[in-house]
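> One line per chain: the protein sequences are A and B, in this order.
Residue numbers for the first sequence follow this note's numbering, so the first one is 1 and each next one is one higher.
Residue numbers for the second sequence follow this note's numbering, so the first one is 1 and each next one is one higher.
For the record, the hints were derived by calculation from the structure and aren't laboratory data.
For glycine and all other residues, C-beta sits at the position ideal for the given N, C-alpha and C.
Warning: the hint list may mix true and false statements.
To be verified - Per the computed footprint, the stretches of chain B lying under chain A, defined by three or more beta-carbons under 8 Å from a beta-carbon of chain A, are:
1. 77-89
2. 100-106
3. 113-119
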Amino acid sequence: MSDTAAPRARMILPRPLIIGGAILLASVVVGLFPALFAPFDPNAFDYGALLQAPSWAHPMGTDNFGRDVLSRVIHAYTIDMQIAVFATIVPFVFGTIIGALVGYAGGWAEALFGRIVDAVITFPFLVLVIAIVSVLGPGLVNMYIAVGVVGWVFYARIIAAEIKVQKRLDYADAGRAMGYTHLRIIFRHLLPNAITPAIVYWMTDMALAILLGSSLGYLGLGAQPPAAEWGVQIADGKNFMATAWWISVFPGLAIVLTGLGFSLTGDGLAEVLRTKR
Amino acid sequence: MTDAMLEVRNLTTTFGHGRLTAVNDVSFTVRPGEVLGLVGESGSGKSVTLRSIMRLTPESGAVAGQVLWRGRDVLKMTASDLRRVRGGQISMIFQEPMTALNPVLPVFVQIEENLRAHTDLDRGARAARARELMDLVGIPDAARRLREYPHQFSGGMRQRVMIAIGLASNPKLLLADEPTTALDVTIQDQILKLILDLRDQLAMSVVLVTHDLGVVAATCDRMAVMYAGRIVETGTVAQVFAQPNHAYTRGLLGSVPHAGTERSMLLSIEGTPPPLGALPAGCAFHPRCDFATAPCRTTLPVLEDIAPDRSVACFNRAAVLAAGSPI
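Please build the complete structure, drawing on both the sequences and the hints.
Structure (structure tokens):
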């Protein structure tokens, strides 16, 4: 770089983003290629090794069918990372678009939206999702639908509030004074300035989605046995909690670790994306 | 008048279902190549007038009257016609260059966006035009600075960028809403000179809203003084400065410090402008006026033409005239 050039703003990544990103990257790699990391077939029964405590042969022990818990935890990354993404991407995109339009339009659209928000937040999220899944039937796809039907409201609410602030700023008027269309002003000008909180929330939401997916799996409404899924595994181990704690505890720790990865990434992104003025 | 670019007739802007009248029966014309100053205190309605012309008032505002742009009423245009006029034929620059630029888009994108909306230039031509505009508004090292974001520019430079965006499609009228108020004095001067230079080069008209009579004296051809939503006096800058006909104009002129051979007291206008929701009867200025007489308290003086391009709304203009200009 020559001396006359202004010093390039060096991007110093915040530590939470580095740690969280590393956890997520590792999670994605494990989720994509579980067979490379798992020492055993996750569904292979071994009646010679039932309920074995963690050992060198089985670092996380075995369950009541002799299945290797480590292998099952590793294979569960595939399903649980999918849940994190698929259960949140539709609410994120749809909620963002609706929120941007509603926040910009104001008036009756906003009033109607307010009623929908009220209706949705009156019910506990989990109860609402369980209700929808029990109508549609258990399974992952129906769970995505159930979460999508309810979840977009939270994104829309965040974006609508931000857009309402942004649309009163001078650059929004400047855009109108320049003769740009409303849609252009909303999505090209206002939304990039408004989307940061939604992205940060999205990260948290992915962690919550894994918890939700595990909860539904535990209740038998999400992923179906014998699939390796953390919630299903925890449910599998509940009867052996006193004697074989490892069946439930290690999947639980995997949930905690992945959730931590999403939360740290969210915090780091919030720092990086903070708008410079 | 036939030679007017922009003719504003009886413009009235109210808020809250007519409870507040921010702009009241305002009429003026802008001719080709002319700089018109719209002067008044905070809350006199000058900025709302400008925004009403562009139909940029908040949703709660209702605008009545006519805004004839080359003979067509802007207030009655369809949305697509309005978009063609905005930014293409009439541009607007704002008081706060810090907030009037989009913080997340590089300057080049913001200039190019206007060109894309209002011209048929292809990609290469738009890039060339963007560099040309940066040169035109006096930003050195255009190629590099076009890639930068607004937060990498100083206040004065941002206002230049704002002007470059506004002028991208060669508008015929520039509406400037206190373009220098947020800037340092030295930078103010540069920006005003720039606007005047560009007016000459691009043969456009300018409406300059300001509360600073120094700015008016330095830049404008004609001026209109506003008080409580109404125009109280118009004329060429030379006429109004030499012979103010309205007590309010005289008061404004008296409150400007100026270099002279002898020291004189700085006049100030007592009190503050009335709230728009509770204007006094008669002339809105009468409670603060040294010249006020009985009719001022009951009857609203109308804006009368006293010469071509010269009008005033004051019952006691003879007395004001006799008192002379404080400058």
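> For this structure, which hints from the list above don't hold up?
Violated hints: none at all, because every hint is consistent with the structure.
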